[in-house]
Amino acid sequence: MKVAELKNNLKQGNLSNVYLVTGKEQVFIKEIQKSFKEIMSTEEREMNFSNFDLEEVSIADLINEAISAPFFGERRLVFAQHPYFLTGERAKNVIEQNVDLLIKYIQDPTPSTILVIFASYDKLDARKKITKQLKKMATVVDAGQMEGPVLNRTIKTDLNKAGYEIEQNALELLINKTKGNYSLITNQLDKLKLYSLQTKKIDQTAVNELVPQSLEDNVFDLTTQILNKNIYKAEELYNQFLLQKIDPILLIAIIISQLRLLIQIQILSEKGLSEATIAKNLRLNPYRVKYSYRQAKSLNRKRLQVMYSDCVNLDYQIKSGQGDKELLFDLFIAKHA
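For what it's worth, our numbering labels the leading residue of the sequence shown as 1, then goes sequentially.
A portion of the hints provided could be inaccurate.
[Said to hold, decoys possible] Capping the alpha-carbon separation at 30 Å, the derived lysine-lysine pairs in BS3-like fashion look like this:
id	residue 1	residue 2
1	135	2
2	290	156
3	123	34
4	156	136
5	193	7
6	290	335
7	104	129
8	156	201
9	335	123
10	34	191
In short, the hints are calculated from the structure, not lab data.
Work the whole structure out from these sequences, hints included.
Here it is as structure tokens:
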């Protein structure tokens, strides 16, 4: 179930007793939480709403709250956050949970209680019994990131409602700079609309000037300058990183990741895979693949492989104490740029 369908159901009073919200898009999660709270009056919420962090509070306490009769109202609303036991990750500094209690509850939930479990993780462990039972018994709501045409249409629709429009190249740049994160995009749109208040049209210049690049994007620029053999620009960017106290080890890790992606894209595209298929197979943001795809097509594979190998060796040299890391990275730039 998508967020829009959930909101419509709640307005019409079509309620389930157990919901599982998957995905990490904070804009959607906030909308979902607001929509659930709006089915109760302010007075009802004060007496009958509870929010549990399952990294710190036991499932037994959660269930005790869920089975309690509502005070001066028709229903009780219970949020459960951070259900780490639904993932395959090894969580640290969390309490042990008796998931059998939750399985038993969702099989026969209290009719007057609405339990909403927010599983804001990249992936759930589908092999676990508790995950299987929740997906079977609960109403599952997708709060994951939007991609491709859906994201494009949503941004344009949001702007049109506010009386604005955005140029296509500006839209692509905005999505790329924010890695397609709708929550980040909505935060940046406030600035962009204010900047374009007179024209009501957001252009590429506005996005360039107002939307900051991530560290990964800045390192991507450094990698590009090295690959383009522009040593002066590469050195300038590297010195900016040093002034920002960014460790060369971190730069190396990001460059290794970027070079690996370029090589993977070259190999997969030669096999006839499209950008969308490559993104799906590599489990990467489509917009990251899109911009890397353009660059990969113009680069020599052997040169990429040599640079990748040298970067891995550089990482080993620094971590094994074979020289000053700033100097070694500088020599790496000099060799390849």
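Please work out if residue 34 and residue 191 have their alpha carbons no farther apart than 30 Å. 24 Å, holds
Pair hint outcome, residue 156 versus residue 136 [Cα-Cα no greater than 30 Å]: It is violated: about 36 Å lies between the C-alpha atoms, which goes past 30 Å.
30 Å limit on alpha-carbon distance, applied to hinted pair residue 290 and residue 156: Holds: residue 290 and residue 156 sit about 20 Å apart, inside 30 Å.
Does residue 290 pair with residue 335 here, judged by a C-alpha cut-off of 30 Å? At roughly 28 Å apart (the allowed maximum being 30 Å), residue 335 and residue 290 satisfy the hint.
Assess, step by step, whether the Cα of residue 193 is no farther than 30 Å from the Cα of residue 7, and give holds or violated. 27 Å, holds
Going straight from one Cα to the other, do residue 135 and residue 2 come out at no more than 30 Å? 15 Å, holds
Please verify whether residue 104 and residue 129 have alpha carbons no more than 30 Å apart. 12 Å, holds
Are residue 123 and residue 34 close enough, with their CA atoms no more than 30 Å apart? 24 Å, holds
With the threshold set at 30 Å, check whether the alpha-carbon distance from residue 156 to residue 201 stays at or below it. With a Cα-Cα distance of about 11 Å, the restraint between residue 156 and residue 201 holds, given a limit of 30 Å.
Need the status of pair residue 335, residue 123: alpha-carbon distance at most 30 Å? With Cα atoms ~41 Å apart, residue 335 and residue 123 exceed 30 Å; violated.
The structure fails to meet hints 4 and 9 from the earlier list, while all remaining hints are met.
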